[in-house]
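Based on the provided sequences and hints, a complete structural model is requested.
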Amino acid sequence: MITADRLNTVQEYYFSKKLREVRGLVAQGKPIINMGIGSPDLAPSPLVLETLRDSITEAGAHQYQSYQGLPQLREAIADFYLQKFEVTVDPESEILPLMGSKEGIMHISMAFLNVGDEVLLPNPGYPTYASVTNLVGAVAVNYDLTAENGWFPDLEALSKKDLSKVKLMWISYPHMPTGATATLEQLKLLIDFAKKHEILLVNDNPYSFVLSSNPTSILSIDGAKECTLELNSLSKTFNMAGWRVGMVLGSAEHINAVLKVKSNMDSGMFYGIQKGAIAALQSGPEWFEELDKVYTERRELMFQLADKLGCTYDKNAVGMFVWCKLPEGAEASEAFIDKVLYDKNIFIAPGTIFGSNGEGYIRFSLCVKEEKIKEAIERF
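For the sequence shown, full-length UniProt numbering gives the first residue as 1, with consecutive numbering after it.
Any given hint could be a false lead.
[As the list claims (entries may be wrong)] Straight-line distance between alpha carbons at most 30 Å, and here's what the computed BS3-like set of lysine-lysine pairs gives:
#1 K84 with K260
#2 K339 with K325
#3 K372 with K17
#4 K30 with K369
#5 K344 with K308
#6 K102 with K196
#7 K84 with K161
#8 K188 with K161
#9 K344 with K325
#10 K344 with K17
#11 K374 with K308
#12 K167 with K188
Since the hints were derived computationally from the structure, they do not count as laboratory data. Note that the structure is predicted; figures quoted are calculated from it, not measured.
Right, here's the structure in full:
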């Protein structure tokens, strides 16, 4: 059977392929320390787990659920956005729960892109933006992000290009993989740019609450909903990556378009997971304080490891990664991480998997226990 032509536009996800290689080394008895993946190793709160456990005996818990999620879940998301971001959204029409924000990238792309439409993608940025763009037959157009410009796009230079075919622009602040943040003034510039060029702006915002003293939503900017959607997730904030709970927020018109796609692709999120998500969203300040305490301690150790490698980094970056510039004269990023993998049995992500502007950089994940980071330091 001949596969669809669209498969020729994408390759297997880097981590899917590379982790097979890492597992092979583990099978050979190599003491691999995996610092490449941002999969939280901490547990959700006990209340979240208790809520999930208790919910499975409730009437209707194992039936199909609403495509729009439980009303209580949408209300919890609305309350969370109001309390944490000072953003007001209508839980009835401006919120759509997702089975992870990653699926939202596909849903949004299918809802708004025709074959041949152009999409602005950050370089470096999350690789899924490009692969989904290719899968739906749209055209990926990279825009440069550099350390010199604070990992923020040069909107003046972008405006001078032919943007007549651009329908969608992906941004991610706090930025993945660099951990850079954007000020409210910068976010307003992005909204003004999107309105001027009639582009739908999508902010992918799952790292708002990891080592961030000022969580920000682009929807807090006046008029943002006219041209903006925001994706968010419980994966990083509440250690619920495997639960697959995300959300997209925006105007009723935009959300309804995404719902048309989503309602044809699944039959609702499991009841117990939704109940657990509600409990997570209602967490008190102590949850976020404890989370930051753990990641702060890990980050300080990771800085020591980066120092051992002669790397430089931004101590003010947020999120659950440490983005490091390789020392002058070092090998290319992928050769560098392979050398560390085979010489020191430590797996680090190369910056190039996030785009060509990631060359010369590597990324450490903070989803590694302190004792393992200390062990990695000792190996040097």
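Hint-by-hint comparison with the structure:
no.	hint	result
1	K84 with K260	holds (29 Å)
2	K339 with K325	holds (16 Å)
3	K372 with K17	holds (23 Å)
4	K30 with K369	holds (18 Å)
5	K344 with K308	holds (13 Å)
6	K102 with K196	holds (28 Å)
7	K84 with K161	violated (37 Å)
8	K188 with K161	holds (20 Å)
9	K344 with K325	holds (19 Å)
10	K344 with K17	holds (20 Å)
11	K374 with K308	holds (12 Å)
12	K167 with K188	holds (19 Å)
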